[in-house]
Structure formats: C-alpha cells, structure tokens
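Chains as they are written, first to last, in the numbering used here: chain Z, 1 to 741; chain Y, 742 to 1068.
Rather than coming from a laboratory, the hints here were simulated on the basis of the structure. One or more hints might be untrue.
Here are the simulated DSSO-like pairs of lysine-lysine, each with C-alpha atoms no more than 27 Å apart in a straight line [unchecked claim]:
1) Z/K33 - Z/K554
2) Z/K273 - Y/K883
3) Y/K1022 - Z/K115
4) Z/K426 - Y/K887
5) Y/K972 - Z/K125
6) Z/K427 - Y/K1023
7) Y/K743 - Z/K57
8) Y/K972 - Z/K181
9) Y/K972 - Z/K737
10) Z/K230 - Z/K327
11) Y/K781 - Z/K427
12) Y/K883 - Z/K129
13) Z/K29 - Z/K554
14) Y/K887 - Z/K139
15) Z/K273 - Y/K794
16) Z/K115 - Y/K794
17) Y/K1022 - Z/K273
18) Z/K737 - Y/K887
19) Z/K273 - Y/K762
20) Z/K426 - Z/K327
21) Z/K426 - Y/K1022
22) Y/K887 - Z/K125
23) Z/K729 - Y/K781
24) Z/K426 - Z/K41
25) Z/K122 - Y/K972
26) Y/K1030 - Z/K273
27) Z/K426 - Y/K781
28) Y/K883 - Z/K93
29) Z/K290 - Z/K156
30) Y/K1023 - Z/K729
31) Z/K732 - Y/K883
32) Z/K427 - Y/K1030
None of these values were measured; they are calculated from a predicted model.
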Amino acid sequence: MKKNAYLKMAIGNKPQGKETSTPAPAEFKLIGKPTPRVDGKLVVTGRAMYTHDIFFKDMLYAKILRSPYASAEVAAVDLSAAQNLPGVKAVLKLKEGRVKYEGEQIAAVAAVNEKTAEEALKLIKVDYKALPYVVTPDKAMADGAPRVHDSANVEKINEYSRGNIDQGFAEAEVTFERTYKTAIEIHQTAETHASVAKWDEDELTVWDSTQAIFNVRDGLAEALGIPETKVRVIKMYMGGGFGSKLDANEHTIVVAKLAKETGRPVKITLSRKENSLCVGNRPSTQITIKGGARKDGTLTALSFRNTTCGGLDSGDQCSEPTIDVYKCPNVKVEEFTVFTNTGAGRATRAPGHVQGTFALEGFMEELAAELGLDPLEFRRKNYTTSNEGGTGIVYSSKGLDKCYDIGAQKIGWTRRNLKPGDGQGKKRRGLGMASQIWWGGGVPGTLADIKIHRDGSVEAVSGTQDIGCGTRTYMATVAAETLGLEPQDITVKIGDTVYPWAPISGGSLTAPSVAPAVRDAALQAAEHLRGIAAKKLSVPAADIVLADKKLFDKNKPENSIAFKDLVKGLRREAVFHGERGPMPAGFAYNTFGAHFAEVEVDTETGRISVLKVVAVHEIGRVLNRLTAESQVVGGITQGISTALFEERVLDENTGKMVNPNLQTYKIATSMDMPEIVPLFVDLVDPRINNLGNKGLGEPPRIPSSAAVANAVYNAVGVHLREIPMTPDKVLKALRGKEAGS
Amino acid sequence: MKNFQWTEPQTIEQAIAWLAKANGKAVLMAGGTDLFTEMKEGVVEPDLVIDLKSIPGLASIQKDKDGVHIGALTTVASLAADAMIKLDYAGLSAAAGSLATPQLRNVGTVGGNLCQRPRCWYYRDAQMDCRKKGGSQCFAAKGRNKYHAIFGGGICHIVYPSDLAPMLVALDAQVTISSPRGERNLPLAEFYSLPAKNVRRENVLAPDELVREVKIPLAKKGTRSAYVKLKERETWDFALVSAAVRGTVSGGGLSDAAVVLGGVAPIPWRLGKTEASLKGKKLSQALVKEALRADLQEARPLEENGYKVELVEAAVTRALLSLTRPL
Ligand SMILES: Cc1cc2nc3c(=O)[nH]c(=O)nc-3n(C[C@H](O)[C@H](O)[C@H](O)COP(=O)(O)OP(=O)(O)OC[C@H]3O[C@@H](n4cnc5c(N)ncnc54)[C@H](O)[C@@H]3O)c2cc1C
Chain Z
1 MKKNAYLKMA IGNKPQGKET STPAPAEFKL IGKPTPRVDG KLVVTGRAMY
51 THDIFFKDML YAKILRSPYA SAEVAAVDLS AAQNLPGVKA VLKLKEGRVK
101 YEGEQIAAVA AVNEKTAEEA LKLIKVDYKA LPYVVTPDKA MADGAPRVHD
151 SANVEKINEY SRGNIDQGFA EAEVTFERTY KTAIEIHQTA ETHASVAKWD
201 EDELTVWDST QAIFNVRDGL AEALGIPETK VRVIKMYMGG GFGSKLDANE
251 HTIVVAKLAK ETGRPVKITL SRKENSLCVG NRPSTQITIK GGARKDGTLT
301 ALSFRNTTCG GLDSGDQCSE PTIDVYKCPN VKVEEFTVFT NTGAGRATRA
351 PGHVQGTFAL EGFMEELAAE LGLDPLEFRR KNYTTSNEGG TGIVYSSKGL
401 DKCYDIGAQK IGWTRRNLKP GDGQGKKRRG LGMASQIWWG GGVPGTLADI
451 KIHRDGSVEA VSGTQDIGCG TRTYMATVAA ETLGLEPQDI TVKIGDTVYP
501 WAPISGGSLT APSVAPAVRD AALQAAEHLR GIAAKKLSVP AADIVLADKK
551 LFDKNKPENS IAFKDLVKGL RREAVFHGER GPMPAGFAYN TFGAHFAEVE
601 VDTETGRISV LKVVAVHEIG RVLNRLTAES QVVGGITQGI STALFEERVL
651 DENTGKMVNP NLQTYKIATS MDMPEIVPLF VDLVDPRINN LGNKGLGEPP
701 RIPSSAAVAN AVYNAVGVHL REIPMTPDKV LKALRGKEAG S
Chain Y
742 MKNFQWTEPQ TIEQAIAWLA KANGKAVLMA GGTDLFTEMK EGVVEPDLVI
792 DLKSIPGLAS IQKDKDGVHI GALTTVASLA ADAMIKLDYA GLSAAAGSLA
842 TPQLRNVGTV GGNLCQRPRC WYYRDAQMDC RKKGGSQCFA AKGRNKYHAI
892 FGGGICHIVY PSDLAPMLVA LDAQVTISSP RGERNLPLAE FYSLPAKNVR
942 RENVLAPDEL VREVKIPLAK KGTRSAYVKL KERETWDFAL VSAAVRGTVS
992 GGGLSDAAVV LGGVAPIPWR LGKTEASLKG KKLSQALVKE ALRADLQEAR
1042 PLEENGYKVE LVEAAVTRAL LSLTRPL
C-alpha cells in the first residue's frame, strides 16, 4: 500500500456524521476488563494455522530468482536448463530490461519441493549488464549521481505552513536548531511473507500472510485481469506484519500465475534475506528543526525540514506531530524524498510519526534545557486542546495532560538530573519522556454480522484480520457483553473475504472500526430478542435486560427466560448486519500518550541499558486491558530495539545490504527489555462511536525511541540525535562532549 | 544447499580416514550451529559431512595430573556449568556462559567453537567473492567495517569470533590434533594463524586433521582468570571486544599476567607488552591504562571501528581489576 494511501486511511474519512444514536455507557461488565485471548491456547500450543503451515498434498513450491545487483540491464534470461530439471513444473520469466535494486524479481520456479526449486534457480542463466547505482542518500544527492528513476533523485513530497515563520522567529527570545537522524528499519516479522494459491476452475483462493485480505483480493484481481468475485483471500493467523503486509505482493501474484499454469496449488515462503531486501522497510530520515521560544517557554515558531529515503519509493512524511502536538502559531514544513537503488519503503507501524516524534521530542528536550525549564513543564506550557497547534478544530477527547500527570508520578520524574549530564560516575542514569499523537479513529462503513443460531450458539463475523492484536477476543467480548453472554459463547469468524467488508488491519484502525460494527449488530440482535422476550414475559421491551445468559424483567429479575430457550423459538437462524457509523463533524479524533524512560549509560563501553519505561496512553475506552497492555509492551519493545540496535546496513561499494539476517540485523532480545509499566487514562470518547474507543496499534510504538534517547541525554548531557544509539556512536558523542564541541 | 553425503564414523580413526579420502571436499560437523548456516548460505559446499557426534568418548571434562582435558565434543553449556571449571578457571566458565544463547550453548561444542569460521558479513555472503573465499579483494577494508579487526588485518580484516579461544589462550591451553599421521600437540596460541600466512584458513589444521581435545595446565594456587565481553545487546551477540585475563595475585598486583583479546583481530590477540608492564606492580586503573599504551599504538583501526580501541581499554581494565577483587 502506498504510504500516502495508508495515511489517508489512518486519518479516516472526513468526519461528517451526526452524534451516534447509542452513546456508550460509562461502565461495562466485560468490556475493559482483562480477558484472556480466546485463541491464546491455539497459538501457544502451535496449533493455530499460519500461512507457513498451509499444506496440500499435491502442492508445489515456488522460489524466485532475484537480482544480485543494485542496478543492471537484464539483457537475456535463459530458462531452458531450469525447465529441463526433473521435478520442475513451471518456470516464469518476470523481468527483462532494467532492474533497480538488489532483490528485484527476475524469474520464478515451481517445483515438487523447495530444494528442487532452489536448484532450478541456479540453472537460470541471466545476462546482466551492471549499471551505476546509488544506495545511500548522501551519494544519491551528490552532483552527477546516477539517476534511480528517470526523474531527479530528490523530490519534494510535502509542504505546510501557518502563521508567519519569520515573525515567529523575530518574536523569539531563544532560537535553536538541531538535526536528528533515524536509520532504515526492516519490518522483520516473525513469520516471513508467505502465500499459497489454488485454483478451482476459474476461481482463485489464496492463503496469504496479510494484514489486508480485501486489498490482496482486489490487487490479485487487477493483476490477473479477473473479477474480484473470482478471488477469495484467507488469512487465519499471522506472525507480524507491521505495515509490510498491506497489499497483494509481487510474490503472491507470481504464485497465482504458477498455480494457474501448473493446475496445482503453489506455495511460496520468503527467506529472511528476501524479507530483508524486498518487502519493505521504514524509510530513514534526517530532520532539522529550528524553533523559537520566549524565555518563559512559549513557542513562537517551528520550522521543520525532512530529507527522507525510502529507496525506490518515496520516504515518509514526518511532520504531523510537529504540526499538531504543541501550541505554536507559526509553523513551516518542507519534506523531501531521496531515491536510491534499494528496496522500496513501506508503511511501518506509525509511518512518519515514529521518525517525526524522535526529532520533535528530542528537540523539545534540548530546547527545554537551553531555556532552563523542566522539559515536562515546557510541554505543558504549550499544551493545546485543538489540532494544528491550537489553530485548528477541537479534539473530541484528549487525555494527554493526564498521561503527563500519571507518567511523571509513576516514574518519579523529580529523580531526574535537573541539568542533563549532572550525574557522576562511570555509569550514569537519566530520565526522559516524549509525547505521542496519532490518529486511530477508525473507518466508518466497516461491517460485521451477528448470527444467532436456534441452538443458542452465536457467531460474530467480519472480514477483518487478527494480526496478533486480539481482534477475535474483543469481538467475542463486545458481542457477549451486548447479548448478556460470555466470550466463550461467541464463535468469531474472520480472515476471509467471503465475510462482510472490514478495512486493513493497520493504521490503528481495527478496534475502532470492527468493535463498533460488532456492537451495532449485537445491539440490533438484542433489540430483536428483547421484542420477543417482551411478549413472552409480558413486560415492555424497554424493561428487558440481557445478562447472565438470560433475558429478564429489570424490575422483577425472576421473571426471566434463558437465552437458549428464547432463541429456540426463532423461525431460522437470525442475522443482524452491523455497521460502524460515521463520526460527527467538527471534531478531531486522535489518540495520545506519553512515555517516560529511565536508562543507565556505561560511559566506558557506550552501552545503554533501559531500566524502566512507564507508558501512559489515552485511547478512549480500553476494550480489553490484557491485550491492550501487551500491545503497549510490543510497541515499546520495537521502540527500544530501534533506539539501540536496528539498522539496515548498506555497502556503497557493492550496492548490497550486508546484514540481511537476524544475527547481524540486531533486534532487542527479552534480556534487553526493562520493566514496562503500561497504563491508560480511562476516559470514553463521547462521540467517536458507540463504544467510545480509539485505536492502539501504533501509539505505543511512537514515542518510545524518543523517550529513551531523551533519557540518555539526561544521563550524559549530550543528545545523540541519531538512532540506533550503538556503543560506537555513544562513545563518539561522549568524546565530542569532552572535547567541548 | 548443495547435495552432500553424510557419514557417522564410530572412531576418530574412521573420521580421519574419511577426511583424508575426501581430499579437502569434506567438512567436520560437531554441533553444526556454525557449519549449517554456512552451508545454507552456500558459503561452503562440501561433498561429504562427517558427523563427529557419533564418536563416543569425546564429550568429557577430566582432570588428571597433566591438567584438565576437555573433549572436542563437550558442549559449551556443560563447560559453563562444570563445577571444577567454575572453581579453577572462573574466566573460562564465564566465557562459555557469555556465548550466544542457551539453545546454541546446548548444541554447540568446544571443538566447533575453536574451529568456527569468521562472521565477517562479506565472507558470509556467497555472492561476494572476497579474499577469504579465494577472491582478490577484502571488501571490508574500505567498506562497512564496524565489526572488523583493529589488529593484524592486513589483507583480510576478519575478527576471530570465538569467546573460548582468547580465554583458553590466556590459560596456556594446548590442542591435541589427530590425523592419519598420529597425534600432535600444539599450544592453542600457535594453532591460530594470521591471514598473511593463509588467508583461506584461520588455523594451521591440515585438511586431514581434526581437534580431539583441549588441555589446560592445572591451575596454580593463587592464579585467577576472568573474561569480560563487551557486546551491543545483552545476549545472542558476538563480542565487539572481549578481554580474557589470567594472573597470579600477589600483594595488590599480579606476579604474572596473561592478557588476550577477542573480537579485535583475525586470531586471539595477545598483548605481550601490556603483560610485561603489569608484572609485579600494584594494579590500578591508571596502571592498566599506562600498560596498554604500547600495544594499543599498534592498532590500525578502519574507518568505522576506531571505537574498539576504547573498548579494549574498558574490557582489559575491568577484567584485570576483577582478579584482585576478594572472592
Ligand atoms: C546466532 C549465533 C550466535 C553465536 N554467538 C556466538 C558467540 O557469542 N560466541 C562464540 O564463540 N560463538 C558464537 N556462535 C558460533 C557457534 O555457534 C559456537 O561457537 C559453537 O560453539 C560452535 O560449535 P558447533 O559444535 O556447533 O560447531 P560446528 O558448526 O559443528 O562447527 C564449526 C566449524 O568447526 C569445524 N569443526 C567442528 N568440530 C571440529 C573439530 N573437532 N576439529 C576440527 N574442526 C572442527 C567445522 O567443520 C566447522 O567449520 C554463534 C552462532 C550463531 C549461529
């Protein structure tokens, strides 16, 4: 999915609805409580079916030959030797002409096993003519650099301004400029990309490791020139996507073609190396922020300039936090992308916000120090309740101030070094924090059904996908809550395009889209059952309560009928179609949070240990405290991992990535994780939807690297301004500080 | 992965016979934790894999009057857990415990650890025709070399990645090597060889030789050892720099000292000048800094690995100072 399309989706349709007719109650019995995952047992016992597990008896295995060159002319591809290898059932040429990155598809093979397919790849003869390339932004921007596309290597991708930036700086008593850098991060999902394609006559079924079954369906239909009605996409369980699995991938289209040609199911499982090279990454950034403030901490101007690199595709727009979070009348933004001969960037868990927050929050911390202010007070001083830094529309709900209060208290904010670097000794401790904003309002038009069978069993159905975030569990909880049942009573059916439409599982959209749709369907179901019960129990329908697997008169609870007995009398199974309604116009719908980190820096070895993170989020109503907490732990894990370790390393001399594996592309281990305290500001958005909930997929990922970097600054008195903060960089920064530069 | 034959010899003699017959086209496999990654990547493509695990009696730790014998197939985990090793050679126990992850330590062996191949990312990419693989250039010299050698590189800038090797060298260990010609013993320090000698190999084993055991001299009274490994993450990481030290504590200093580094050179890197300047003097951070000066002057960092020089100082200081700390 193009990042712009992703952002558009995340921001949501322009709010245009009226207030929701069924406002959310303040308190629920099940919703908001810690409910264990309904599918937890299956997952931890290894019985959940991931795409990697899909198997058919006559299945073939596909492998793809990929360019070893960052740029080359493919003059000829000779498939004959591969075709003649026993066990090979089909060979496809995928490319002739120019290839533009290491890992680009050249040809594909389907064979009776993976080994034969691999051998066949070696028999394909490709006549490459290596061409000049650029793989790093610096080289790509240099004069006379080889062009990646036909157009220039640098392109403006965004600009924004409000107020008068020059006047803002003129009003400032302190002006300050800093540059922050973030490395390219690879999604590195535990389950690498995988697809299985199978044709029955002219109908294609694809099992895909995806966050977006409908996107895959539509993309396949388009690529193959067949109607969407002839494509069915299934995804039951998935080991991570983080934004890299939002479309019909090239390799998925390839297996669909190979399956068609061979008349047999074909499976492809990408290797770790392919996963590192070809299916996306988080673009790097170099962001310069110049800010002006009055001595009391009032911001007067913010200028933001980003140079981002997403390889063959555009990098990330990162200015949104700078535009929105702090009150500031004068803002100017310019963003540029640099193209290089490397795999295209893709949406990566909070695209743009992660990098933009690293820069903005680092800047706020450093500016606070320059002003001699408590960095938290400085942020409070510039607090807003409407978007565009206090110049736009009002937030429907915003609990960031409460996040600050709770977080500061829980981490013991007063323990920090009053001046960065005040500490003593070889090992220095420090505290830092960062604010977070993201969308997460959800997608109006999301569909879900509640189906009540005459034996009393109930289904909650939606074409959404659970990508590990607990979607199944809250669907069961919301349905059970509304119908007076228990989560175990609900069979959840998701992950199949034959079910009613739901959006991508990305953009923190799923919970605020799917849960309200289920709620809507369940409310209709409850209404219908109340009507029947009213007759049976001879009380007004309005007095009927659904609880404890019964329907009863609220004034005389013993006047009741069991849920099971009531639905026995239905003429047929009853289906209720729910839809997530529109959001009222005139408000901004956003999620907020603040992370507080404590670190220890070993000044002799350059090693940073994160000791504790307190994360406080405001996401409207929490649907399930247990899965919400685990979402936060996951976000912080990734945030620490990229703050300290993760980086795609490219070699300009050869045009290659040198660390396409998990030994050298380092990801945090459990031993690198600190104590994590996930907390929520319990408020209910009064109008966003019938549950008052917002999304949580991305928020905890956003401020965590920044909070850690700020804590390091507080510990040692020098801001690294660059992640990952590996020992070499830490030592260099410390020596730079000693030298007084 | 290329097809290969598999054999499970029952004796060392059979294993050696297979080796000799294969004429350089065979590889030995112990735990396989290193070998299989090389084979999967296509970096080595043997015709024959000789599984040493089928040979009984090679996985033991035994103490006799000559010293402590550690069989080549002893797992790293059992070395780390051995009570006698912990007591007499605390540094070795620490080095074993610092290595990789519990899963890898349970499978990986001491022999495999001492004979493992370098982790240089150019060497490990089958598509890169680097010197170590018979090509004509070292891509690290002017490439991405943050993890590469600061000493002894020259024509090939790999670092020897083993955690056990520097510690065993510091303990004056010997290796027992078996071949069709019989057995030979070598100080472990002489087992390793620099790229200048043979860039394709990291040790002096002939194609028909294998390591049968390692022998450490009996620990002298008052002699202590320590291992400090500096890495990027807390676990599952090779050393950026490690310091293996041994010393006999007398007064506030060391009457003799061995200081060997890991992660900085193509072989375990012994700091002879440092050792000499430490002798008999009162140990302090200042003394170590001073003692390291001459050896560190010989460091030839590449563009991205200058920080390792600083790490050497931190690792050696910490390791040495720990020797005089009360038990
Ligand atoms: C992710 C990862 C992390 C790692 N981290 C570390 C680390 O931190 N520190 C560290 O030291 N190592 C590390 N290793 C390397 C390796 O796993 C260990 O060194 C292990 O001890 C190797 O033992 P093995 O028995 O599995 O060796 P194998 O893979 O079986 O063999 C390794 C090499 O030695 C040769 N060989 C094996 N036995 C003999 C013998 N008796 N005589 C002659 N040649 C022999 C083999 O032919 C092969 O070339 C790591 C490996 C991985 C995959």
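These are the hints, each one checked on the structure:
no.: 1; hint: Z/K33 - Z/K554; result: holds, 24 Å
no.: 2; hint: Z/K273 - Y/K883; result: holds, 24 Å
no.: 3; hint: Y/K1022 - Z/K115; result: violated, 62 Å
no.: 4; hint: Z/K426 - Y/K887; result: holds, 24 Å
no.: 5; hint: Y/K972 - Z/K125; result: violated, 42 Å
no.: 6; hint: Z/K427 - Y/K1023; result: holds, 25 Å
no.: 7; hint: Y/K743 - Z/K57; result: holds, 25 Å
no.: 8; hint: Y/K972 - Z/K181; result: holds, 23 Å
no.: 9; hint: Y/K972 - Z/K737; result: holds, 23 Å
no.: 10; hint: Z/K230 - Z/K327; result: violated, 52 Å
no.: 11; hint: Y/K781 - Z/K427; result: violated, 42 Å
no.: 12; hint: Y/K883 - Z/K129; result: holds, 24 Å
no.: 13; hint: Z/K29 - Z/K554; result: holds, 16 Å
no.: 14; hint: Y/K887 - Z/K139; result: holds, 20 Å
no.: 15; hint: Z/K273 - Y/K794; result: violated, 30 Å
no.: 16; hint: Z/K115 - Y/K794; result: holds, 26 Å
no.: 17; hint: Y/K1022 - Z/K273; result: violated, 52 Å
no.: 18; hint: Z/K737 - Y/K887; result: holds, 22 Å
no.: 19; hint: Z/K273 - Y/K762; result: violated, 36 Å
no.: 20; hint: Z/K426 - Z/K327; result: violated, 39 Å
no.: 21; hint: Z/K426 - Y/K1022; result: holds, 24 Å
no.: 22; hint: Y/K887 - Z/K125; result: violated, 35 Å
no.: 23; hint: Z/K729 - Y/K781; result: violated, 33 Å
no.: 24; hint: Z/K426 - Z/K41; result: violated, 46 Å
no.: 25; hint: Z/K122 - Y/K972; result: violated, 37 Å
no.: 26; hint: Y/K1030 - Z/K273; result: violated, 43 Å
no.: 27; hint: Z/K426 - Y/K781; result: violated, 43 Å
no.: 28; hint: Y/K883 - Z/K93; result: violated, 36 Å
no.: 29; hint: Z/K290 - Z/K156; result: holds, 19 Å
no.: 30; hint: Y/K1023 - Z/K729; result: violated, 34 Å
no.: 31; hint: Z/K732 - Y/K883; result: holds, 20 Å
no.: 32; hint: Z/K427 - Y/K1030; result: holds, 19 Å
In terms of the numbered hints stated before, the structure departs from hints 3, 5, 10, 11, 15, 17, 19, 20, 22, 23, 24, 25, 26, 27, 28, 30, listed from lowest to highest.
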